[in-house]
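These protein sequence lines are chains F and U, in that order.
All residue numbers for the first sequence refer to this note's numbering, where the first residue is 1 and numbers rise by one.
All residue numbers for the second sequence refer to this note's numbering, where the first residue is 1 and numbers rise by one.
Treat the hints as calculated values from the structure; they're not laboratory data.
All residues carry an ideal CB built from backbone N, CA and C; glycine is no exception.
Hints may contain errors.
The list that follows gives simulated cross-link-like pairs (lysine-lysine, BS3-like), each with its CA atoms no further than 25 Å apart [said to hold, decoys possible]:
{"id": "1", "chain 1": "F", "residue 1": "K84", "chain 2": "U", "residue 2": "K32"}
{"id": "2", "chain 1": "F", "residue 1": "K298", "chain 2": "U", "residue 2": "K32"}
{"id": "3", "chain 1": "U", "residue 1": "K223", "chain 2": "U", "residue 2": "K246"}
{"id": "4", "chain 1": "F", "residue 1": "K298", "chain 2": "U", "residue 2": "K352"}
{"id": "5", "chain 1": "U", "residue 1": "K223", "chain 2": "U", "residue 2": "K198"}
{"id": "6", "chain 1": "U", "residue 1": "K342", "chain 2": "U", "residue 2": "K141"}
{"id": "7", "chain 1": "U", "residue 1": "K51", "chain 2": "U", "residue 2": "K64"}
{"id": "8", "chain 1": "U", "residue 1": "K45", "chain 2": "U", "residue 2": "K64"}
{"id": "9", "chain 1": "U", "residue 1": "K192", "chain 2": "F", "residue 2": "K84"}
{"id": "10", "chain 1": "U", "residue 1": "K362", "chain 2": "U", "residue 2": "K352"}
{"id": "11", "chain 1": "U", "residue 1": "K192", "chain 2": "U", "residue 2": "K228"}
{"id": "12", "chain 1": "F", "residue 1": "K298", "chain 2": "U", "residue 2": "K45"}
{"id": "13", "chain 1": "U", "residue 1": "K141", "chain 2": "U", "residue 2": "K64"}
{"id": "14", "chain 1": "U", "residue 1": "K332", "chain 2": "U", "residue 2": "K295"}
{"id": "15", "chain 1": "U", "residue 1": "K64", "chain 2": "U", "residue 2": "K295"}
To list a few chain U residues with every Cβ distance to chain F over 10 Å, as calculated [what the hints assert, rightly or not]:
{"id": "16", "residue": "Y80"}
{"id": "17", "residue": "K86"}
{"id": "18", "residue": "S112"}
{"id": "19", "residue": "P117"}
{"id": "20", "residue": "N181"}
{"id": "21", "residue": "S218"}
{"id": "22", "residue": "K246"}
{"id": "23", "residue": "G255"}
{"id": "24", "residue": "A266"}
{"id": "25", "residue": "D293"}
{"id": "26", "residue": "D346"}
{"id": "27", "residue": "D381"}
Per label pair, the in silico range of CB-to-CB distance [unchecked claim]:
{"id": "28", "chain 1": "U", "residue 1": "K274", "chain 2": "F", "residue 2": "M310", "range": "32 to 38 Å"}
{"id": "29", "chain 1": "F", "residue 1": "V300", "chain 2": "U", "residue 2": "P144", "range": "37 to 43 Å"}
{"id": "30", "chain 1": "U", "residue 1": "A335", "chain 2": "F", "residue 2": "I117", "range": "54 to 60 Å"}
{"id": "31", "chain 1": "F", "residue 1": "P314", "chain 2": "U", "residue 2": "D60", "range": "39 to 45 Å"}
{"id": "32", "chain 1": "U", "residue 1": "G226", "chain 2": "F", "residue 2": "N82", "range": "42 to 48 Å"}
{"id": "33", "chain 1": "U", "residue 1": "K64", "chain 2": "F", "residue 2": "G319", "range": "38 to 44 Å"}
{"id": "34", "chain 1": "F", "residue 1": "L301", "chain 2": "U", "residue 2": "D250", "range": "57 to 63 Å"}
{"id": "35", "chain 1": "F", "residue 1": "L257", "chain 2": "U", "residue 2": "I308", "range": "30 to 36 Å"}
{"id": "36", "chain 1": "U", "residue 1": "G226", "chain 2": "F", "residue 2": "L304", "range": "37 to 43 Å"}
{"id": "37", "chain 1": "F", "residue 1": "P314", "chain 2": "U", "residue 2": "S218", "range": "41 to 47 Å"}
{"id": "38", "chain 1": "F", "residue 1": "A136", "chain 2": "U", "residue 2": "K64", "range": "55 to 61 Å"}
{"id": "39", "chain 1": "U", "residue 1": "P144", "chain 2": "F", "residue 2": "N82", "range": "16 to 22 Å"}
{"id": "40", "chain 1": "U", "residue 1": "G273", "chain 2": "F", "residue 2": "L304", "range": "35 to 41 Å"}
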Amino acid sequence: MQRYALNILLPAAAAFIVVLSQMGALDLYVQSVIMFMAINVIMSASLNLVNGNMGEFSCGHGGFMCVGAYVGSLLSMLLFTNSKLFGAALLPGYSALVLFPLVLLGAGAAAALVGVIVAVPSFKTRGDYLAIITLAVNYMVISAIQNLDVIGGPRGLTGMRPTMSAMEDVVNLPWMMIWVLIGAFGSVALIRRYISSTYGKGVNAVCQDEIAAEIMSVDTNRIKLVTFMVSSGLAGVAGALYAHVVGYVNPGSFDILKSTEAMVMVYLGGMGSLSGSVLSAVLFTLLLEALRPLQIYKWVLVPLILILLMQFRPEGIMGNKELPDMFPRLRKYFTFK
Amino acid sequence: MKIFGRLSLLALALVLGALFLAGCSKESDTIKIGFDIPLTGDIPKVGEASKFAAEMLKEDINSKGGLEVGGKKYKLQFIYQDNESKADSAVNAALKLIEQDGVVAIVGPNSSKQAVPAGGICNERETPMISPWSTNPDTTKGRPWVFRAAFLDPFQGPVAVNFSAKQFGAKTAAVIFDIANDYSKGLADIFKAEWEKKMGAGSVVAFESHGTKDQDFSAQLTKILGAKPDFIFIPDNYNQVALIVKQAHDLGWKGPFMGSDAWGSAELMTLCGKDCVGQFFSTHYAAAGAQGDTKVFIDRYNQKYGYIPDDVAALTWDATRIVLQGIQDAGKVVADVKAERKLIRDAMANIKEFKGITGSMKFDAEGDPIKCAVVVRISEDGQFVFAESVCP
């Protein structure tokens, strides 16, 4: 039983947050910070897969998030809400309760598709090309949406929050919080399973020595493609959740700044450490939120903290290790296959 | 060393947690108003101007003992939350103001990309919000709790059309705009539709876009000059305006330009110099040659902070005063924040006419003001001089 302690504890903590939100013990501001935290966890964990585990350098994660945010919003508006864009809802509002994951999956699939389109040509080469290509893709996605007047262009798109209200009308629970937490836990579990699977071990092999990995019968091209697809797909899921939390998307929100934020979280947590990237996403969001009252000095303090971290702990908080590597006794309390 | 590392991590987490939860205090006899403004990010000057104007207003009222509501004086407390000029941050800032700071009303955010989502939150949480500067119709549409102090683009577009048709005797127009800027794009579209309605199809002879960080506009300008319009309409931010106007003159353009309210920054003349002299633009108020309260405001602001306030400062001043007017009109202050918010919203919606420094305004059913726009001319010494007032 002891071996399952952590496995039970984490979902229990999530359920506890939901219960507290429902009872009103957590005010909406705290709830909203927790939701952005969870979204950042998805972003950072999924980028860590490519930048950390696979050792490539992708710096356009915001672009995939943007694709997911728009596709997710459009799907949600098409299916569940009466909108100016699509007219009456295709499905009754209560069906969102069951079918909302479809929206997330659709957003993830679209972002993954864009990921594949990027990956196929860029992984033919090696080295820094991916950085340049992903950077360009980030800009291309934003420009494309800015020029699409149908979905609002630079003015942005609004009208996806009614989906959440429709769910709350049926069963009065904090649905947004539930979906965001499911998304975060699901993504982290998926990444963990992928990385520890026999197939996924190839990801780390590619990072350490691509030629050696190929000799050892790892299909490196395929591994890179699949990993990049998983990573960008999860960024799309994060985007769809983000759109529903904020209730408004505009292309400007997903520019290079968003991608940089994700990268900062990955390097803060430690490259290739899943628990590190989760921890750093939580800490980083909390830090930015807690320092809000400092206003302009926040942007002196936050970079200073990053510089100090790089000076004294260049490998990041966890530094290529997982939580149980640092606290070996933890191993007794969880099992993960 | 290892222990130290772990302990410091733990300490960091604890300190952050404490900071996060801190900041809840209650005081009676004060009225708390929140400001959701961009103090950092892309447009910190806008946040600064808003904050300065608000601080000036607060000092005015508090030095007289406070705001008088129903025979009792209440001190004002303004809480500024930085929204970093980001949509998600504006949502968090609004929620923090509503839930933790317990404000009775929110002034801001200024840009539409933050005002649209923050307006949604305020409307859901039933807190009155007034955006000083946002021009996107979505900010207030279908949201009874959200107001604004600036006129909308569908009004400003026709103002520019009618004025330039009359002033320049123009039959054809060209437009250059920023495709990545929702304000610029929206206004350009409205202008084009209005002009073609007035002058017939095809009378906008060139409709060219550029990106936000572009420095070189010669390709677009060459096309525009080749189409030989009677004037060029530039609904762009002041920093791009300076570049566009200069480059157009370099390419041999002799005709007039028409601008929009985004030109109205103290910085415009520093960047543009004599190239902008003699051009016209539509805006919220004319600083040069202002009279009455407007002049008093401008002089005091200039004396206190050392520069002529631009429109966002004046609009924040008006927006905050509309909230205060709402509080006073309600006639009483109740301790329950939710009930007080409701009182303020109802009073704000019922304001018949508000005399602000950006002109007198009434509110329509959507919470948008019906007010006059002014067209100003840039004088030889770089002042924005009143040319014409256009009322709906």
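(message) Check whether the Cα positions of K298/F and K45/U lie no farther apart than 25 Å.
(response) holds (17 Å)
(message) Within 41 to 47 Å: is that where the Cβ-Cβ distance between P314/F and S218/U falls?
(response) holds (46 Å)
(request) Sort out whether K295/U lies within 25 Å of K64/U, counting only the CA atoms. (result) OK: K64/U and K295/U at ~21 Å, within 25 Å.
(message) Please verify whether K192/U and K228/U have alpha carbons no more than 25 Å apart.
(response) holds (16 Å)
(request) Mind checking the hinted window 54 to 60 Å against the Cβ distance between A335/U and I117/F? (result) holds (59 Å)
(request) Hint says 37 to 43 Å; check whether the CB-CB distance for V300/F and P144/U agrees. (result) holds (41 Å)
(request) Using the Cβ atoms, figure out if P314/F sits within 39 to 45 Å of D60/U. (result) Between P314/F and D60/U, where Cβ atoms are some 53 Å apart, the hint is violated.
(request) Taking the shortest Cβ-to-Cβ distance between S112/U and chain F, state whether it exceeds 10 Å. (result) violated (8 Å)
(request) Kindly confirm whether 16 to 22 Å is satisfied by the beta carbon distance between P144/U and N82/F. (result) holds (19 Å)
(request) Measuring Cβ to Cβ, find out whether P117/U lies farther than 10 Å from everything in chain F. (result) Given that some Cβ of chain F is not farther than 10 Å from that of P117/U, nearest at about 4 Å, it is violated.
(request) Check the non-interface label on K86/U: least C-beta distance to chain F beyond 10 Å or not. (result) violated (7 Å)
(message) If we take the beta carbon of Y80/U, is the closest beta carbon in chain F still more than 10 Å away?
(response) Contrary to the label, Y80/U does not stay out of reach of chain F, its closest Cβ about 7 Å off (not over 10 Å).
This entry does not satisfy hints 1, 4, 8, 13, 14, 16, 17, 18, 19, 20, 28, 31, 33, 34 and 36, going by the numbered hints stated previously.
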